Amino acid sequence: MSDQARLAVPKTYKLYIGGAFPRSESGRSYPVHDSRGRFLANAAQASRKDARDAVAAARSAFRGWSAATAYNRGQVLYRVAELMEGRRAQFVAEVTAAAGGQGRRAETEVDAAIDRWIWYAGWTDKIATVLGAANPVAGPYFSFTVPEPTGVVAVLAPQASSLLGLVSVVAPVICAGNTAVVVAAQDRPLPAVTLSEVLATSDLPGGVVNVLTGRTAELAPWLAAHAEVNALDLTGAPAAIRTDLERAAAGTVKRVLRPPDSEPDWTRPPDLRWLRAFLEFKTVWHPMGV
Amino acid sequence: MTTWEYAPAPESRDIARLRPSYQMFVDGRFVDGAGEPLKTINPATEEVLAEVATASPADVDTAVRAAKRAYERTWSKMPGAERAKYLYRIARMVQERARELAVLESLDNGKPIRESRDVDVPLVAAHFFHHAGWADKLPYAGYGPGPDGNGPRPLGVAGQVIPWNFPLLMASWKIAPALACGNTVVLKPAETTPLTALVLAEIVQQAELPPGVVNILPGAGDVGAELVNHPLVNKVAFTGSTEVGKQIQRSLAGSGKKLTLELGGKAANVVFDDAPLDQAVEGIVNGIFFNQGHVCCAGSRLLVQESIVDELLSKLHARVSTLRVGDPLDKNTDVGAINSKAQLEKIVELTESGDAEGAHRWTSPCPLPDKGFFFAPTVFSDVSQAMRIAREEIFGPVLSVLTFRTPDEAIAKANNTPYGLSAGVWTDKGSRILWMAQRMRAGVVWANTFNRFDPSAPFGGYNESGFGREGGRTGLEAYLNV
Amino acid sequence: MSTTTAAPAEPAELPAELADATRDDASLRRFMHGLPGVDQVGAELRAATLATRSIKKQSKLWAIDTAIRMVDLTTLEGADTPGKVRSLCAKARRPDPERPDVPSVAAVCIYPDLVPTAVDALRGTGIGIASVATAFPSGRAARAVKIADAEAAVRAGATEVDMVIDRGAFLAGHYRRVYDEIVEVKAACDTAHLKVILETGELVTYDNVLRASWLALLAGGDFIKTSTGKMSPAATLPVTHIMLQAVRDWHAQTGDRRGVKAAGGIRTTKDAIRYLVAVREVAGPEWLTPDLFRFGASSLLNDLLMQRRTQLEGHYSGQNYVTVD
Numbered sequence: 001m002s003d004q005a006r007l008a009v010p011k012t013y014k015l016y017i018g019g020a021f022p023r024s025e026s027g028r029s030y031p032v033h034d035s036r037g038r039f040l041a042n043a044a045q046a047s048r049k050d051a052r053d054a055v056a057a058a059r060s061a062f063r064g065w066s067a068a069t070a071y072n073r074g075q076v077l078y079r080v081a082e083l084m085e086g087r088r089a090q091f092v093a094e095v096t097a098a099a100g101g102q103g104r105r106a107e108t109e110v111d112a113a114i115d116r117w118i119w120y121a122g123w124t125d126k127i128a129t130v131l132g133a134a135n136p137v138a139g140p141y142f143s144f145t146v147p148e149p150t151g152v153v154a155v156l157a158p159q160a161s162s163l164l165g166l167v168s169v170v171a172p173v174i175c176a177g178n179t180a181v182v183v184a185a186q187d188r189p190l191p192a193v194t195l196s197e198v199l200a201t202s203d204l205p206g207g208v209v210n211v212l213t214g215r216t217a218e219l220a221p222w223l224a225a226h227a228e229v230n231a232l233d234l235t236g237a238p239a240a241i242r243t244d245l246e247r248a249a250a251g252t253v254k255r256v257l258r259p260p261d262s263e264p265d266w267t268r269p270p271d272l273r274w275l276r277a278f279l280e281f282k283t284v285w286h287p288m289g290v
Numbered sequence: 001m002t003t004w005e006y007a008p009a010p011e012s013r014d015i016a017r018l019r020p021s022y023q024m025f026v027d028g029r030f031v032d033g034a035g036e037p038l039k040t041i042n043p044a045t046e047e048v049l050a051e052v053a054t055a056s057p058a059d060v061d062t063a064v065r066a067a068k069r070a071y072e073r074t075w076s077k078m079p080g081a082e083r084a085k086y087l088y089r090i091a092r093m094v095q096e097r098a099r100e101l102a103v104l105e106s107l108d109n110g111k112p113i114r115e116s117r118d119v120d121v122p123l124v125a126a127h128f129f130h131h132a133g134w135a136d137k138l139p140y141a142g143y144g145p146g147p148d149g150n151g152p153r154p155l156g157v158a159g160q161v162i163p164w165n166f167p168l169l170m171a172s173w174k175i176a177p178a179l180a181c182g183n184t185v186v187l188k189p190a191e192t193t194p195l196t197a198l199v200l201a202e203i204v205q206q207a208e209l210p211p212g213v214v215n216i217l218p219g220a221g222d223v224g225a226e227l228v229n230h231p232l233v234n235k236v237a238f239t240g241s242t243e244v245g246k247q248i249q250r251s252l253a254g255s256g257k258k259l260t261l262e263l264g265g266k267a268a269n270v271v272f273d274d275a276p277l278d279q280a281v282e283g284i285v286n287g288i289f290f291n292q293g294h295v296c297c298a299g300s301r302l303l304v305q306e307s308i309v310d311e312l313l314s315k316l317h318a319r320v321s322t323l324r325v326g327d328p329l330d331k332n333t334d335v336g337a338i339n340s341k342a343q344l345e346k347i348v349e350l351t352e353s354g355d356a357e358g359a360h361r362w363t364s365p366c367p368l369p370d371k372g373f374f375f376a377p378t379v380f381s382d383v384s385q386a387m388r389i390a391r392e393e394i395f396g397p398v399l400s401v402l403t404f405r406t407p408d409e410a411i412a413k414a415n416n417t418p419y420g421l422s423a424g425v426w427t428d429k430g431s432r433i434l435w436m437a438q439r440m441r442a443g444v445v446w447a448n449t450f451n452r453f454d455p456s457a458p459f460g461g462y463n464e465s466g467f468g469r470e471g472g473r474t475g476l477e478a479y480l481n482v
Numbered sequence: 001m002s003t004t005t006a007a008p009a010e011p012a013e014l015p016a017e018l019a020d021a022t023r024d025d026a027s028l029r030r031f032m033h034g035l036p037g038v039d040q041v042g043a044e045l046r047a048a049t050l051a052t053r054s055i056k057k058q059s060k061l062w063a064i065d066t067a068i069r070m071v072d073l074t075t076l077e078g079a080d081t082p083g084k085v086r087s088l089c090a091k092a093r094r095p096d097p098e099r100p101d102v103p104s105v106a107a108v109c110i111y112p113d114l115v116p117t118a119v120d121a122l123r124g125t126g127i128g129i130a131s132v133a134t135a136f137p138s139g140r141a142a143r144a145v146k147i148a149d150a151e152a153a154v155r156a157g158a159t160e161v162d163m164v165i166d167r168g169a170f171l172a173g174h175y176r177r178v179y180d181e182i183v184e185v186k187a188a189c190d191t192a193h194l195k196v197i198l199e200t201g202e203l204v205t206y207d208n209v210l211r212a213s214w215l216a217l218l219a220g221g222d223f224i225k226t227s228t229g230k231m232s233p234a235a236t237l238p239v240t241h242i243m244l245q246a247v248r249d250w251h252a253q254t255g256d257r258r259g260v261k262a263a264g265g266i267r268t269t270k271d272a273i274r275y276l277v278a279v280r281e282v283a284g285p286e287w288l289t290p291d292l293f294r295f296g297a298s299s300l301l302n303d304l305l306m307q308r309r310t311q312l313e314g315h316y317s318g319q320n321y322v323t324v325d
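Protein chains in written order, with our numbering: chain L, 1 to 290; chain S, 1 to 482; chain C, 1 to 325.
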């Protein structure tokens with residue numbers, strides 16, 4: 001046995017697009033530092049073409065994912081929680097590095113993130129029950145209203161809460177059957193990449209969640225204006241460009257989720273707001289006769 | 001008489017109690033506006049019906065401030081059960097004055113009296129009646145108990161802009177849920193059809209709603225822009241064209257105002273070879289010729305299974321030939337007047353593009369009146385998805401007929417549009433109906449029927465047809481702080 | 001004026017697909033089940049919408065006179081006597097004795113044993129003599145009895161025969177049996193016109209009404225008729241719509257126009273005009289003739305006469321100003 005310490009094998013942090021882990025097509029990367037400014041890793045710096053590829057992947061994954069049974073989606077989300085639990089230590093380390101402070105706080109955040117998947121895993125097959133309706137119309141018709149996923153959602157992940165915040169905005173999107181293009185927290189992207197690895201090894205079909213790391217302000221305008229994107233979550237949008245992004249989203253009448261200017265406290269119990277934001281309601285009528 | 005022609009059977013226009021001039025309704029009173037008065041005309045005769053006051057920017061400000069006061073001092077504090085009773089009063093008064101409203105609507109809009117009498121006005125009353133009941137049941141609406149257990153809080157002042165195709169009905173779709181949830185309202189009716197909304201204001205006054213709860217400001221697009229951008233407006237609801245909807249969404253960026261949009265459409269109406277054919281023909285006719293085709297959810301793209309296209313077209317032509325086009329006040333008129341000269345020109349221009357792009361035009365042989373804005377029911381066959389008449393909203397009595405071979409192709413073509421408001425499917429096979437209904441990306445799917453509306457059934461679009469719903473529990477979200 | 005048509009032509013050559021339909025039991029069944037379905041709600045909505053047509057002034061007067069000319073003035077009671085039939089015939093000839101310009105009705109409709117009475121009473125008037133037959137109203141008898149019933153009526157002078165179909169056989173799916181029976185009765189009718197009563201109230205669904213309509217048309221019925229009038233519901237607007245659509249489609253495929261008779265439950269002028277609107281707008285204006293549309297009715301005639309007076313006199317009329325035969 002050698003008494004020399006074994007040299008660790010660091011991870012290359014890549015993008016997650018269509019179930020694969022490419023580097024940015026631009027060949028760019030940017031250094032990620034911990035809360036005290038020490039170098040942690042080089043993250044891929046996604047370009048607009050990576051964003052375009054991610055949207056294409058999300059679009060092609062939409063048909064299958066939105067058509068999957070709610071039970072199936074629930075099990076997939078639960079599986080994500082199971083796999084996160086297995087990598088708990090890694091997530092705690094990354095969250096601690098990103099946010100600084102006590103390891104205890106990071107542990108609480110990771111546990112809450114895992115539990116959040118569980119919460120949304122249980123919602124998949126209850127959305128229609130709770131938000132749908134049988135409409136008592138005045139006539140010989142059976143009319144019902146069902147929630148359906150909006151489509152491809154571009155998610156600008158919260159900048160501060162690199163894991164719990166991320167899970168809190170991504171899980172509701174895919175819970176409802178949407179697919180997502182996520183721009184990870186710009187300066188704290190590493191937990192998002194590790195989450196991508198969890199998603200890749202869970203039963204989540206490739207393309208349902210696509211994760212881009214890089215400059216939010218560079219990527220967001222392309223996503224906000226992309227005609228294949230149906231909705232936009234501005235949670236992590238830089239304040240300076242929020243209004244511009246909203247304006248761009250109007251070009252194809254996107255649904256825009258505008259959270260409060262300051263980042264929400266993600267440790268509070270979740271509600272249906274993030275789920276409802278990316279649902280469409282379809283009303284179906286049929287006559288009742290013999 | 002060798003053939004049986006129906007004698008004219010006009011509803012008396014006296015019932016409308018038309019006045020030479022109409023004022024705006026602000027803070028519980030009818031007042032003159034500082035804007036240039038507009039002349040609203042009868043599109044069936046081109047005669048001026050009345051002069052109508054319009055709002056200046058200062059008038060918009062006055063109205064919004066009145067609404068804000070009413071919101072803060074009375075309406076948002078009033079128990080839901082009391083708000084409910086006001087809305088019930090309105091519903092009843094609409095019923096009492098139903099025929100007056102119907103005749104006035106037909107005069108101002110050009111729609112046949114049969115529709116304003118049997119569809120628009122009864123739905124207006126139903127809409128108020130339905131939403132009245134919600135006012136004291138908001139904790140049960142599925143949006144949580146709210147801060148004090150009385151349900152979620154309202155938003156404040158709602159600025160609402162509505163189109164000319166269903167003037168009174170759209171006013172009720174906007175006002176009823178807003179008031180039920182505890183908001184106050186400033187509503188701008190369309191420039192060409194302001195009259196019934198002003199009679200509704202009279203009803204609001206007679207129902208003794210607190211001043212400022214409902215304000216009606218006639219005017220053109222500039223008044224609408226002024227209204228939706230007013231800083232004291234908390235909620236904007238717009239029904240109209242996708243183009244204007246995008247402008248509004250753009251202009252509200254960063255404002256934090258809650259927005260719902262109900263925009264254009266180019267609905268596919270899909271007919272399979274096993275459809276109940278005669279009823280499908282009725283549904284197709286109702287889908288595109290109801291209200292002269294001035295319907296955002298009109299079934300303007302008919303997708304027919306290729307194996308029955310000849311049979312269906314011959315039945316369709318025969319049926320459309322029986323449509324009676326003419327005086328909107330005649331009780332036997334099926335298709336009335338196009339609402340404006342501008343709209344008529346747009347229809348003419350788009351149908352000419354249909355000719356130019358090689359579609360086959362069939363026009364109903366029905367006689368048309370000598371004056372007024374009329375367009376004979378028209379069916380284009382041999383249409384392909386690439387043609388403008390298959391992609392652009394014509395908003396007139398013009399049907400584009402395309403064919404498909406398989407259910408997958410039907411879905412692909414049906415969804416091949418930036419819009420997504422409504423869709424139709426006709427087949428006798430139950431499992432196919434559900435299969436189709438699941439795949440058509442539209443907010444309303446009518447199966448073996450078309451153009452049915454009910455206040456309990458949410459209505460609204462996917463994609464560029466807008467967002468938010470009107471009607472039912474789902475529709476309340478637009479007016480609650482949730 | 002004669003409202004009965006000339007002797008029916010030999011059945012025209014049918015288009016291949018219709019000829020094939022009657023080749024055998026299986027073909028007929030396939031054809032019937034291949035007819036498009038009828039959506040009840042849509043059919044009733046269409047009928048209700050069309051019923052809002054407002055018919056005024058001259059067009060109302062024309063409708064009233066046309067409706068009078070389309071009436072099969074009917075008495076089908078166990079208590080019918082020669083005296084009752086004679087007074088019915090008098091009414092048929094001159095519905096409003098004070099107003100000779102009122103047209104006569106199309107026909108009287110009676111039980112077969114009273115046909116000779118009607119023949120005597122209507123000689124030279126051109127008014128048709130319609131006899132119900134084939135074990136009316138239930139149709140429950142041996143086929144030979146039904147054929148004999150029809151033959152007897154024709155031999156006695158009936159110019160029109162109103163037969164009932166075997167609803168039991170129809171509902172059991174024995175379409176060929178129903179078809180064959182109509183064909184045989186048609187043969188027994190010789191030159192008399194055959195109206196085929198579907199008794200739609202017992203068929204219940206519009207799908208059945210449509211199938212039975214096609215069956216009767218394929219078998220050679222000159223008219224398809226809604227009801228016996230002996231059960232409720234009898235004629236309804238939506239049922240008549242379905243049957244009018246059938247004869248319209250039959251014409252589109254064969255070039256041959258067949259008639260429809262709405263019978264039972266039509267009592268007022270307002271009702272009758274709604275039916276005429278349906279005839280005009282569903283089948284087409286060509287059907288607005290007694291040759292192609294009839295009302296089976298008794299009390300309707302008096303209401304038509306009262307409304308006719310109202311139209312001409314400018315004030316409302318009363319029940320005792322029309323005769324009650």
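Mixed in with the good hints there might be a few duds.
[Unchecked claim] Computed list of lysine to any residue pairs in SDA-like fashion (alpha-carbon distance at most 20 Å, straight line):
1. Lys413/S <-> Phe21/L
2. Lys315/S <-> Gln253/C
3. Lys56/C <-> Lys413/S
4. Lys315/S <-> Lys270/C
5. Lys341/S <-> Asp370/S
6. Lys270/C <-> Thr49/C
7. Lys270/C <-> Trp4/S
8. Lys68/S <-> Arg30/C
Keep in mind that the hints were calculated from the coordinates and are not lab data.
Note that this is a predicted model, so its numbers are computed, not measured.
Do the hints match the structure? See the list:
A threshold of 20 Å between alpha carbons decides the hint, and for Lys413/S with Phe21/L the separation of about 35 Å lies outside it, so the pair is violated. Taking the CA atoms of Lys315/S and Gln253/C, the gap is near 12 Å; set against the 20 Å cutoff, the hint holds. Simply put, Lys56/C and Lys413/S have alpha-carbon atoms about 46 Å apart, too far for the 20 Å limit, and the pair is violated. Between the alpha carbons of Lys315/S and Lys270/C the distance comes to roughly 28 Å, so the proposed pair goes past 20 Å and is violated.
Our distance criterion of 20 Å between C-alpha atoms is met by Lys341/S and Asp370/S, whose separation comes to about 14 Å. Under the criterion of a C-alpha separation no larger than 20 Å, the hint pairing Lys270/C with Thr49/C is consistent with the structure, at around 15 Å. Using a Cα cut-off of 20 Å, the hinted pair Lys270/C and Trp4/S holds, with the two alpha carbons roughly 16 Å apart. A C-alpha spacing of about 69 Å is found between Lys68/S and Arg30/C, which places the hinted pair above 20 Å, so the restraint is violated.
Comparing the model with each numbered hint stated earlier shows that hints 1, 3, 4 and 8 do not hold.
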